[in-house]
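Trainee: Residue numbers (the numbering used here), protein chains in the order written: chain Y, 1 to 260; chain U, 1 to 260.
Any given hint could turn out to be false.
Remember, identical chains collapse to one label, so a pair may be satisfied in a single copy or spanning two.
[As the list claims (entries may be wrong)] Derived BS3-like pairs: lysine-lysine, alpha-carbon spacing no greater than 25 Å straight-line: (1) K144 with K198; (2) K198 with K122; (3) K256 with K119; (4) K122 with K138; (5) K238 with K251; (6) K47 with K122; (7) K6 with K251; (8) K251 with K240; (9) K87 with K238; (10) K47 with K3; (11) K71 with K231; (12) K243 with K256; (13) K256 with K238; (14) K6 with K87; (15) K71 with K251; (16) K119 with K198; (17) K256 with K71; (18) K71 with K243.
Since the hints were made in silico from the structure, they are not lab data.
There are 2 protein chains.
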Amino acid sequence: MDKIQKIVLIGAGNLATQLGLALHEHGVIIMQVYSRTMSSANLLAEKVQAEAIVDLKEITPQADLYIFSVKDDALLQVLQQCSLFDKVLVHTAGSIDMNILQDFSSNYGVFYPLQTFSKSRKVDFKAIPFCIEASSDKCRQQLKQLARLLSSDVRDVDSMQRQSIHLAAVFVCNFVNYMYNVGFDLMQQHDLNFDLLKPLIMETAQKVMHTNPWEAQTGPAVRYDEQVMNKHLDFLDKQKQLKELYSFVSKQIFNKHQNK
Amino acid sequence: MDKIQKIVLIGAGNLATQLGLALHEHGVIIMQVYSRTMSSANLLAEKVQAEAIVDLKEITPQADLYIFSVKDDALLQVLQQCSLFDKVLVHTAGSIDMNILQDFSSNYGVFYPLQTFSKSRKVDFKAIPFCIEASSDKCRQQLKQLARLLSSDVRDVDSMQRQSIHLAAVFVCNFVNYMYNVGFDLMQQHDLNFDLLKPLIMETAQKVMHTNPWEAQTGPAVRYDEQVMNKHLDFLDKQKQLKELYSFVSKQIFNKHQNK
């Protein structure tokens, strides 16, 4: 089985950046980094000693693997501009079916690290689940071997499962972060430091490492403490959107726990 | 200044339990534990070598401090059944004004540890912010001295500020945990293990220890990726409440970031 040694990164966003840095650190050669703008391509390319390109026609045919890590709604268009028919192509998107790649190569798959990435924050890939799907056993083995360079948690996950995981991830990551943001704003509005909430945020996350979240649920909504909830709504005063959010989520929590 | 050495705990819920255990561990004498039911009073009383009582008339006048840690809507009624006029009384509630205690003693205050507690999960009090408010300087010093036994973060927080903190805490803890629960359910519905999401949950929390949550926001809603969002909504199929929650939070995230 041919080991993947040379890679082209199509995309230079948060995920592509962290993945590129980690692969580079583990000795994988990043031949090129493509991005729509030269500044963005350069920023990553310099860090991983790759060539920066902004024209998809310039993609080298010499790599073992082409990782497409672009916005979901741009993927198809980007693929259509490439000619890499006998190459191994993968995408890194949570919600896109693997088969989007089938018209563009005979070897393809999905290489999906389940994590939230920023360009600047380095993440430890060791514990990140890598969800792998591939068009053939050979391709799957190649992708798994590559993923195992970075992580000790490499799994077979089909497109349907990956879709569920991605949706769940939106709730436990993106929506959770939005709640942190609401907390941040409320503290700021009253000249209080967000730092005060940090031990609570960490404990809330730690708790569900060991406890089922249903068991872990606390707060006024679970016991339907109307006195507290009404005070909170009054306190939110003219912040209509937050009031709605507060009522909406409280109601769902209560419904879920009324037979507790 | 008289150091607080002997305490009565009125209430045996999550907060009272963890607070009682921590104070007992630090050599504070818990004289009595009151609860509405003997089994619940006993459960905690045994662990902290206290007397268990179910009749408020049996509360000893010998303690230095009486900690009222009962449901918000029960507090007033409980206070009315006690006769502790010259004693130091405190409550531990995030959303109740200190002055609720003024008719029941001349020395009173609030002793509010900002954390989420369960009966069974031991928490490290060292990093928990203790929010202190008191009717007099003397009382404040006593309460702070007691809090410093447990925590290195003891602060003066007035009733108005505590209200904001408590409201923010509902978002970053209770609502966040509900999002974890939604993630748990979605994984379970598709025979996937919640464990897969744990590195993501921890990283999402860790991220805001160092980054402003507004900066940390990722996901389809922030870039208004309609293709992904519509797929997610389709995927939720007949789960009407979750669909509403998904649309509602996504829209708020988008509104908050549209000028990013």
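Trainee: Next, verify each hint and record whether it holds.
Mentor: Against the structure, the hints:
1. K144 with K198: Cα proximity of K144 and K198: across copies only (21 Å, versus 37 Å in one copy).
2. K198 with K122: both (20 Å within a copy, 18 Å between copies)
3. K256 with K119: Classified as between: cross-chain Cα gap 20 Å, same-chain 37 Å, threshold 25 Å.
4. K122 with K138: neither (31 Å within a copy, 49 Å between copies)
5. K238 with K251: Both. Shortest intra-copy (20 Å) and inter-copy (19 Å) distances satisfy the 25 Å Cα cut-off.
6. K47 with K122: within (13 Å within a copy, 44 Å between copies)
7. K6 with K251: neither (52 Å within a copy, 41 Å between copies)
8. K251 with K240: Both: 17 Å inside a chain and 14 Å across chains, each within 25 Å.
9. K87 with K238: Neither, since 57 Å and 40 Å both go past 25 Å.
10. K47 with K3: For K47 and K3, the Cα distance is within 25 Å only inside one copy (23 Å; across copies 59 Å).
11. K71 with K231: This pair counts as between: shortest inter-copy Cα distance 15 Å, intra-copy 42 Å.
12. K243 with K256: Both: 20 Å inside a copy, 16 Å across copies.
13. K256 with K238: Answer is between; shortest inter-copy Cα gap is 17 Å, intra-copy 28 Å.
14. K6 with K87: Result: close within a single copy only, 12 Å intra versus 75 Å inter.
15. K71 with K251: between (35 Å within a copy, 19 Å between copies)
16. K119 with K198: both (23 Å within a copy, 21 Å between copies)
17. K256 with K71: between (35 Å within a copy, 20 Å between copies)
18. K71 with K243: between (33 Å within a copy, 23 Å between copies)
Comparing the model with each earlier hint shows violations of hints 4, 7 and 9; every other hint is respected.
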